[in-house]
Amino acid sequence: MWNVGSFLRVEKGFQMAEKSDSKPEITRRGFLSWVRAGWIAFTAAAATGSLSAFRFMFPNVLFEPPQIFKAGFPSEYADGMVDTRWKEKFRVWIVREGNLIYALRSVCTHLGCTPNWLSTEEKFKCPCHGSGFYISGINFEGPAPRPLERVRISLAEDGQILIDQTQIFQQEKGQWSNPESFLII
Amino acid sequence: MKKLFTVKNTQIWKSIFRHGPPEDRRNRSLAVLANVFLHLHPVKVRSSSIRLRYTWCMGGLTFFLFLVLTVTGILLMFYYRPTVEYAYGDIIDLREQVPLGAMREIHRWGAHAMVISVWLHMFRVFMTGSYKPPREFNWVVGVLLLVLTLLLSFTGYLLPWDQLAMWAVTVGSNMARATPLMGTEGPGTALLVLGDVKLVHAGNDARFFLLAGRFVGAATLLRFYVLHCIAIPFVASILMAVHFWRIRKDGGISGPL
Numbered sequence: 001m002w003n004v005g006s007f008l009r010v011e012k013g014f015q016m017a018e019k020s021d022s023k024p025e026i027t028r029r030g031f032l033s034w035v036r037a038g039w040i041a042f043t044a045a046a047a048t049g050s051l052s053a054f055r056f057m058f059p060n061v062l063f064e065p066p067q068i069f070k071a072g073f074p075s076e077y078a079d080g081m082v083d084t085r086w087k088e089k090f091r092v093w094i095v096r097e098g099n100l101i102y103a104l105r106s107v108c109t110h111l112g113c114t115p116n117w118l119s120t121e122e123k124f125k126c127p128c129h130g131s132g133f134y135i136s137g138i139n140f141e142g143p144a145p146r147p148l149e150r151v152r153i154s155l156a157e158d159g160q161i162l163i164d165q166t167q168i169f170q171q172e173k174g175q176w177s178n179p180e181s182f183l184i185i
Numbered sequence: 001m002k003k004l005f006t007v008k009n010t011q012i013w014k015s016i017f018r019h020g021p022p023e024d025r026r027n028r029s030l031a032v033l034a035n036v037f038l039h040l041h042p043v044k045v046r047s048s049s050i051r052l053r054y055t056w057c058m059g060g061l062t063f064f065l066f067l068v069l070t071v072t073g074i075l076l077m078f079y080y081r082p083t084v085e086y087a088y089g090d091i092i093d094l095r096e097q098v099p100l101g102a103m104r105e106i107h108r109w110g111a112h113a114m115v116i117s118v119w120l121h122m123f124r125v126f127m128t129g130s131y132k133p134p135r136e137f138n139w140v141v142g143v144l145l146l147v148l149t150l151l152l153s154f155t156g157y158l159l160p161w162d163q164l165a166m167w168a169v170t171v172g173s174n175m176a177r178a179t180p181l182m183g184t185e186g187p188g189t190a191l192l193v194l195g196d197v198k199l200v201h202a203g204n205d206a207r208f209f210l211l212a213g214r215f216v217g218a219a220t221l222l223r224f225y226v227l228h229c230i231a232i233p234f235v236a237s238i239l240m241a242v243h244f245w246r247i248r249k250d251g252g253i254s255g256p257l
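Sequence lines, in order, name chains L and P. Position 118, counted from 1, in the first sequence is what this note's numbering calls 118; the numbers after and before it change by one each time, with no gaps. Position 251, counted from 1, in the second sequence is what this note's numbering calls 251; the numbers after and before it change by one each time, with no gaps.
Among these hints, one or two may not hold up.
Unchecked claim - Here are the simulated lysine-lysine pairs, DSS-like style, with alpha carbons at most 30 Å apart:
id, chain 1, residue 1, chain 2, residue 2
1, L, K125, L, K87
2, L, K123, L, K87
3, L, K123, L, K173
4, L, K87, P, K198
5, L, K70, P, K198
6, L, K173, P, K198
7, L, K89, P, K198
Unchecked claim - Here are a few chain P residues that sit away from chain L, every Cβ distance over 10 Å (derived from the structure):
id, residue
8, R18
9, R25
10, E85
11, W119
12, N138
13, G213
14, R214
15, F215
Keep in mind the hints are simulated off the structure, nothing from the lab. For glycine and all other residues, C-beta sits at the position ideal for the given N, C-alpha and C.
Next comes chain P alone, as it looks inside the complex (with noise of 0.2 Å):
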């Protein structure tokens, strides 16, 4: 004790930490609001909001489940290729060659837990009326989270390029055609035209947007891999960030009636 007292008053210590020892009510409240990471979250919860028989604690696993796709995903790009050529081979190795060959499966295995969490999340929030007033913003940003949990599970499905990945990602992809107004076999689109010329096509649409071509190719799996590794989680991240922020701003998490 006499010695992490002593590092508690050095210069470096005081210079991370601004607040004195949190023993008070003052310090544990600056412990939260001086830090950068912690201020998302309010300083003082309901006794009530910590029972996991209420919460199921679905939203910290799924962020956690993102940390750890995350670390896993950072990991695997050090040894994955996007290319035609190498991208299979790379999953093999991965499996074969690399020490810890599991670290492809704990990507793969948390990816499908955290969809899996995010449904059980949205369904404990709509169960509890936790989306009612003055939380209905988060729920908005809530489904947006959803969607790029979806898109980052459906963009990393193409990675592999082995013959499950290639066709799952034709037929999901086909889905685009249908888009109103912007996939060639939409509602809307065959309005578009100018004389005969039809203006969004198979080249134009937003399949081809997705895809960087007719067909599932080299540009896909490039695309994807941008999209899956970096756009995704950019936005994602700030969404999130936006998300745990506004469960403070919104009263904190709802506690039962």
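Excised from the complex, chain L in its bound form (with noise of 0.2 Å):
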């Protein structure tokens, strides 16, 4: 406070000497709305700054595979298979038992870690923990507390099998039972 006190003094000043020469007066209530304004307006540029600087933080484009692509025709895939072609650079099974095939998000429902199919043991075992899930990604051992999820499968206009990871499916949701969810051929 002793700042705008001691520009009071300064104040009685001015006036004695606005008198004379009719300058524009410099009233404290008049001077004390510039410092407001003034301090909104650095309050609004910190902020906007502090904003943008966090922003910075998320990148617009990202180096990572595409969350949708073609994964080949669905007579590449053979009964009763894992397939892991896919697995290494989209995190994604494709299975097929049958005439049905749908694709397993290659990441352990506990942590996140990449499990493995151990074709021998007929199971995807998680090398973090030892969750184990069967075929059908049903967790059966170890601490997943619940399935592999489904992403979404379809056939593409060329007949290629279309992955679109953006929409995952939980079987403990009953969405497994969502026709997109796998693919009958």
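Both chains come to you apart, so use the hints to assemble them.
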């Protein structure tokens, strides 16, 4: 507050001087409203700057594999097999059982590691904490609390399988009955 | 002795040390107060507060380990490149191709030791009731420093870029999904929707902020490197200055009652 007081002392001098040469008067009220506007402008600028800096941490382009990709023709997939050809690049297995094809995310539902398909033991096994899943994706051992997730699967216009990882289907929510979560050929 | 006396009479010495030799109380106080590094420390301490059985010197050891980690960390930065191509190879080279290959081990074990000493320091402070007023604010600063220590540990974990690093950080950062309102799977996040559109999703939540992507990748390595080497030590240094200063301002190290 002392600087406002010292301003007041200055102001008295101003007023006396101004009566003689009639310059526009700086009143205490007017000065304080400028101070207020100044602080509002400063706060707004600082907030905008901080928000921009925060937004800076979220890039516009990700150098990650696309979430939607074509996975070849259904005839390329053998019956009763887990196909691991897309696992490394897209983290997806494609499983064919008879005329049913579905795509499982290779992400353990425990803490997100990548399980391995053990063909001799016919199960997905996670190396991090030992969760095990049947070929269907249902969990049966280890700490995983729920089955693996399916991703959207459909046929593209050229007859290839189209995988869309932006949409996932969870068995425990009854979403595996959704026709987009599997493919009948 | 005569020679030293001459050195102390030179203009250079006197320009650095403005006070006389610490032979009386005034000059002993000035020796501490006139030094930017020492002035964080109180001029006088109780005899009880230098009793090792009471303090375990754990705060001091933590600070010492921080200094060791800073020095060894800077040395490691001369060789390590935080890219997917080079990171793991550089870590191996630090052991095999660089003189004093133990430098990385000193950094690693020092980091483990610092986490342990921070916990022991907190344990001592808690058991002696030193968190009570007037020191309650400094306890809060200390808790923030604990969090920063753990974050330093966590970000440093990824830098070797081996399987352990990769999956440990995958697992660890998945916890950020459960952040309230800011993680995709956190409590309250489901309420943040505009019609059918989720406002907080895997592409903009707290985990994405940490990883700079939807999973641990090249951008994560660089981001953790910057956090580990610059951002977190910077904030920690400021908080440490506050922490030490407040010990002094809150009446020094607490003594036995």
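Each hint tested on the structure:
Distance hint between K125 of chain L and K87 of chain L is fulfilled; the C-alpha atoms sit about 14 Å from each other, no more than 30 Å. Between K123 of chain L and K87 of chain L the alpha-carbon distance is near 15 Å, which keeps this suggested pair within the 30 Å criterion. Restraint check for K123 of chain L and K173 of chain L: the C-alpha separation of about 22 Å stays at or below 30 Å, so the hint holds. Proximity of K87 of chain L to K198 of chain P is assessed by CA-CA distance (about 27 Å); at most 30 Å being required, the pair is judged to hold.
Between the alpha carbons of K70 of chain L and K198 of chain P the distance comes to roughly 26 Å, so the proposed pair stays at or under 30 Å and holds. Between the alpha carbons of K173 of chain L and K198 of chain P the distance comes to roughly 18 Å, so the proposed pair stays at or under 30 Å and holds. Using a Cα cut-off of 30 Å, the hinted pair K89 of chain L and K198 of chain P holds, with the two alpha carbons roughly 26 Å apart. A cut-off of 10 Å between C-beta atoms confirms that R18 of chain P is not in contact with chain L; the least separation is 32 Å.
With 10 Å as the threshold on Cβ separation, the claim that R25 of chain P sits away from chain L holds: the shortest Cβ distance comes to roughly 36 Å. No beta-carbon of chain L comes within 10 Å of the beta-carbon of E85 of chain P; the shortest separation is about 14 Å. Annotated as non-interface, W119 of chain P keeps its C-beta farther than 10 Å from every C-beta of chain L; the closest such distance is 24 Å. With a closest Cβ-Cβ approach of about 27 Å to chain L, N138 of chain P is found to remain outside the 10 Å limit, as its non-interface label requires.
The non-interface label for G213 of chain P is inconsistent with chain L: the shortest C-beta to C-beta separation is roughly 6 Å, within 10 Å. With a minimum CB-CB distance of about 6 Å to chain L, R214 of chain P fails to clear the 10 Å threshold, and the non-interface call is violated. The Cβ of F215 of chain P does not lie farther than 10 Å from every Cβ of chain L; its closest approach is about 7 Å, which violates its non-interface assignment.
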